[in-house]
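Colleague: Make the full structure from the sequences, and use the hints.
From first to last, the protein sequence lines are chains A and B. One rule links them: number in this note's numbering = place in the first sequence (from 1) + 44. One rule links them: number in this note's numbering = place in the second sequence (from 1) + 383.
Be aware that a few hints might be false.
[To be verified] 30 angstroms max Cα-Cα, derived DSSO-like pairs, lysine-lysine:
| id | chain 1 | residue 1 | chain 2 | residue 2 |
| --- | --- | --- | --- | --- |
| 1 | B | K887 | B | K395 |
| 2 | B | K479 | A | K90 |
| 3 | B | K496 | A | K238 |
| 4 | B | K541 | A | K236 |
| 5 | B | K458 | A | K236 |
| 6 | B | K573 | B | K458 |
| 7 | A | K90 | B | K636 |
| 8 | B | K479 | A | K236 |
| 9 | B | K405 | A | K238 |
| 10 | B | K922 | A | K238 |
| 11 | A | K90 | B | K405 |
| 12 | A | K236 | B | K405 |
| 13 | B | K417 | A | K238 |
| 14 | A | K130 | A | K238 |
Hint data in this document are derived by calculation from the structure and do not stem from the laboratory.
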Amino acid sequence: MAKQVPDTRNVGKDAMTAEGTVNRAALPAIFNPEDLNALELALRLKEECAGSTVYILTMGPQRAADIIRDAMFRGADGGYLLSDRKFAGSDTLATSYALSCALRQIGADVIIAGRQAIDGDTAQVGPQVAEKMGLPQVTYAEEIVQVKESSLVVRRRLDRGVETVECPIPAVLTVNSSAPEIRPQNARLVMKYKWAMIPSEVAAASEVAQRLVEERDYLRIVEMTAADIVCDEQQLGLSGSPTKVKKIENVVFQSKEAKCLTASDEDIASLMVELIASHTLG
Amino acid sequence: MANFFLDNKDLKYHLSHPLMRKIVELKERGFAEKDLYDYAPQNFEDAMDSYQRVMEIIGQVCADVIAPNAEGVDKEGPRVENDRVIYASGTAENMKAVNAAGLSGLTLPRRFKGLNFPLLCFVMANEMVARADASFENIWGLQDCAETLNEFASEEQKMKYLTWVSEGATCAMDLTEPDAGSDLGAVMLKATWSEERQTWLLNGVKRFITNGDGDVSLVLARTEEGTTDARGLSMLVYDKRNGGMKVRRIENKLGIKGSPTCELVFTDAPAELVGDRRMGLIKYVMSLMNAARLGIGAQSVGLCEAAYREALKYAHERQQFGKDIIKFPAVAEMLTNMRARLRGARALLYETSRFVEIYKQYTHISHERSLEAEERQEMKFYNRLADGFTPLVKLFASEYANSLAYDAIQIHGGSGFMKDYACERLYRDARILNIYEGTSQLQVVAAINGVTKGTFMEQISRYEELCYSEAMQPIVEQMKALRTRVEAMVAHVEVVSKDAPQFKDFHARRLVESVGHIIITCLLAQQASEVEEYASDAKVYAKLAEAYIVGAEAYVLNSTADDVALISEVHDQF
Chain A
45 MAKQVPDTRN
55 VGKDAMTAEG
65 TVNRAALPAI
75 FNPEDLNALE
85 LALRLKEECA
95 GSTVYILTMG
105 PQRAADIIRD
115 AMFRGADGGY
125 LLSDRKFAGS
135 DTLATSYALS
145 CALRQIGADV
155 IIAGRQAIDG
165 DTAQVGPQVA
175 EKMGLPQVTY
185 AEEIVQVKES
195 SLVVRRRLDR
205 GVETVECPIP
215 AVLTVNSSAP
225 EIRPQNARLV
235 MKYKWAMIPS
245 EVAAASEVAQ
255 RLVEERDYLR
265 IVEMTAADIV
275 CDEQQLGLSG
285 SPTKVKKIEN
295 VVFQSKEAKC
305 LTASDEDIAS
315 LMVELIASHT
325 LG
Chain B
384 MANFFLDNKD
394 LKYHLSHPLM
404 RKIVELKERG
414 FAEKDLYDYA
424 PQNFEDAMDS
434 YQRVMEIIGQ
444 VCADVIAPNA
454 EGVDKEGPRV
464 ENDRVIYASG
474 TAENMKAVNA
484 AGLSGLTLPR
494 RFKGLNFPLL
504 CFVMANEMVA
514 RADASFENIW
524 GLQDCAETLN
534 EFASEEQKMK
544 YLTWVSEGAT
554 CAMDLTEPDA
564 GSDLGAVMLK
574 ATWSEERQTW
584 LLNGVKRFIT
594 NGDGDVSLVL
604 ARTEEGTTDA
614 RGLSMLVYDK
624 RNGGMKVRRI
634 ENKLGIKGSP
644 TCELVFTDAP
654 AELVGDRRMG
664 LIKYVMSLMN
674 AARLGIGAQS
684 VGLCEAAYRE
694 ALKYAHERQQ
704 FGKDIIKFPA
714 VAEMLTNMRA
724 RLRGARALLY
734 ETSRFVEIYK
744 QYTHISHERS
754 LEAEERQEMK
764 FYNRLADGFT
774 PLVKLFASEY
784 ANSLAYDAIQ
794 IHGGSGFMKD
804 YACERLYRDA
814 RILNIYEGTS
824 QLQVVAAING
834 VTKGTFMEQI
844 SRYEELCYSE
854 AMQPIVEQMK
864 ALRTRVEAMV
874 AHVEVVSKDA
884 PQFKDFHARR
894 LVESVGHIII
904 TCLLAQQASE
914 VEEYASDAKV
924 YAKLAEAYIV
934 GAEAYVLNST
944 ADDVALISEV
954 HDQF
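Modeller: So this is what it looks like as structure tokens:
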């Protein structure tokens, strides 16, 4: 699973609209960085398990087909774009619902996604998909250490160290940026897959492109609408999204006087008292 | 995110030259493979789009991997363990990245798993790689050896070696020996036919071999017992997996420290003959060297780019007397000259690449079918230009790499002398460029015939007849006038050298460089006619050209046969 996101790492002054929402037009759309780490793990898994394939599932507007192609240029076999106006306005709950419905239809032994997307930073979609599908999940994954007959041994990167766990498959993995960097695009794959398209792109494409997509089935990226998945439409899009954005504020950090505390019990106790008094805690 | 292709509009300009249509047509043989390979182009636009995309990939790998590794590679360098070369860790990482990106066999035919890209793309890739790390360009650029195999080896050899190179095998060309450097005719490494093993066996020592421990080596060896000159030499291809070769040591060099320069000992190492016996140096190595010279041209231009960027960046960052030093005319003038030389060398590089490409493609086509009369004529035409321009680009670009690296340190002032800035590495790396694959002096020897036999002057006349923008007209007129003056210089040298044969050698460099300056100015004027942005480069270069030629003219025209005595004096001085 991957997401196309606005590139919030290179934010200029036009990055936000007057209403406080992200100005998507001013920011280039990119492959969510941790999803690239996830893709790298998936491609390594493919290399290790002969005969396995890697497909990208993404939900978004039609231009999100770009990240499916990008993944194919790096070694993925194909992809699915979940795209429909009915998905518009989805929060993480509605998104994970739609994705899990699609995944049930597509079928996968291992579902790998980035930990979180840089436009929302929720880190909820991966775990929610696992819950909805009733699958075990390994979060903060950074390496698949071993592939066994019906399980994976995965190393997780946690705040204060690493943990190696074994997990039965099918399973969902969400991947940290500490995982290996994505490999570069491959020249031959770029030339092979640059014509890959979703059906709605084919209509507007050149004659040559149309012929190629017609002749070569590996160039067809699957486009799925709400009608193509078995789902309860009430749980999609805005109607399926309990999250309501009340207000967006620009938070400006103002540096105040810094206070230096030691690790002594005394200092910790006085900090606790102060935080409780200011209602920061409790 | 940085990208060495996208951040350099100059490259895109050269990639989209009008001659590309002809080049792509020839290279793709009318797109005959469009339905045979899933990555073959459908038409011209498709091919160009693919070139651009792949150049972008290379630009990305250069910026993300190779350039950040360069400093570490320079410090760590390769080492020898158990007779084998171990690359610096950064070099190994670079290798992994370029292989993952599928950048091997860039120009090789698809039936050998290559990308079948034009030479120009390979040259451009080399330029970018060299900008990132000149020492890695040595290793990666050596895949060009496969082109020589593609031209002269048997189909069976091609299937084996070219396919392997496309899959990432590295190459070496084993020419130099302790007593055979510029004078390769003196090569003594022996190749003897073994009836028992039914193979050629190599015995002897090679020295100064770049990437000597590569997977595939082209070895120049003496197959003809009892001979001592070039006519007894043949070319053999050696597969490292067959054993028999040890790396005795690697050199500790001034620059390009990431590139292992090896001394190799061959002991009954099995090898295969390439092409015909006795043609090793006369035919095959000449072809190999021409390709390698173009490669050094690319490496040099890449280094020029790196040096110019380092200097420009520092000139904007460094403040003295209360302002950025770029605000001082003395610094800005240096940078302006640097940019003109950089872009001039690049213009010459890609012009040469196009000539070589068209000539080479006709050569390949002539192996498939007989050429039409018109095609044969064209092949001859471009062959002549390729032979003339190749030493010219090697000469100019490598000398400019040195002068730009020198200027880059100068702009850095005292800081540039310290190890803290990249410019000191560039300065060290540049120093070999005008030495290896033929010194500048030897490039002059190779190019002087082009001056005296008319190749260059004819080409300059063709340039003069092209359409130029109004702004460039005065420059073209200036070049016409300079051309006439250089012709007078050449005539003077020809006359005097009738009685004093060394007189031509004495002035050869001045003549070759004078002609080269005019050619480069014409190329920049063409560019400026299409894209206004190049106007200042063309104007600056024209002034540099005139200043040089006026100086050379003063020397040459005031020179008599007696001057030859000046060079003989040093003979007795030691």
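Colleague: Now tell me if each hint is right for this structure.
Modeller: Status of the hints after comparison with the structure:
1. For the hint pairing B/K887 with B/K395, the CA-to-CA distance comes to about 40 angstroms; that exceeds 30 angstroms, so the pair is violated.
2. For the given pair, B/K479 sits about 18 angstroms from A/K90 by alpha-carbon distance, which is consistent with the 30 angstroms threshold.
3. Distance hint between B/K496 and A/K238 is fulfilled; the C-alpha atoms sit about 19 angstroms from each other, no more than 30 angstroms.
4. Of the pairs offered as hints, the one joining B/K541 and A/K236 holds, with about 24 angstroms between alpha carbons and a cut-off of 30 angstroms not exceeded.
5. Between B/K458 and A/K236, the direct Cα distance comes to roughly 39 angstroms. Violation of the 30 angstroms bound is thereby established for this hinted pair.
6. Between B/K573 and B/K458 the alpha-carbon distance is near 36 angstroms, which puts this suggested pair outside the 30 angstroms criterion.
7. Proposed proximity of A/K90 and B/K636 is contradicted: the alpha carbons are some 43 angstroms apart, above 30 angstroms.
8. Our distance criterion of 30 angstroms between C-alpha atoms is met by B/K479 and A/K236, whose separation comes to about 22 angstroms.
9. For the hint linking B/K405 to A/K238, the alpha-carbon distance of about 24 angstroms falls within 30 angstroms, and the restraint holds.
10. The hinted pair formed by B/K922 and A/K238 fails the criterion: a straight-line CA distance of about 42 angstroms is larger than 30 angstroms.
11. Of the pairs offered as hints, the one joining A/K90 and B/K405 is violated, with about 41 angstroms between alpha carbons and a cut-off of 30 angstroms exceeded.
12. Simply put, A/K236 and B/K405 have alpha-carbon atoms about 24 angstroms apart, close enough for the 30 angstroms limit, and the pair holds.
13. Taken as a hint, the B/K417 and A/K238 pair is honoured in the structure, with Cα atoms around 14 angstroms apart against an allowance of 30 angstroms.
14. For the hint linking A/K130 to A/K238, the alpha-carbon distance of about 29 angstroms falls within 30 angstroms, and the restraint holds.
Hints 1, 5, 6, 7, 10 and 11 from the list above are not met by this structure, while the remaining hints are.
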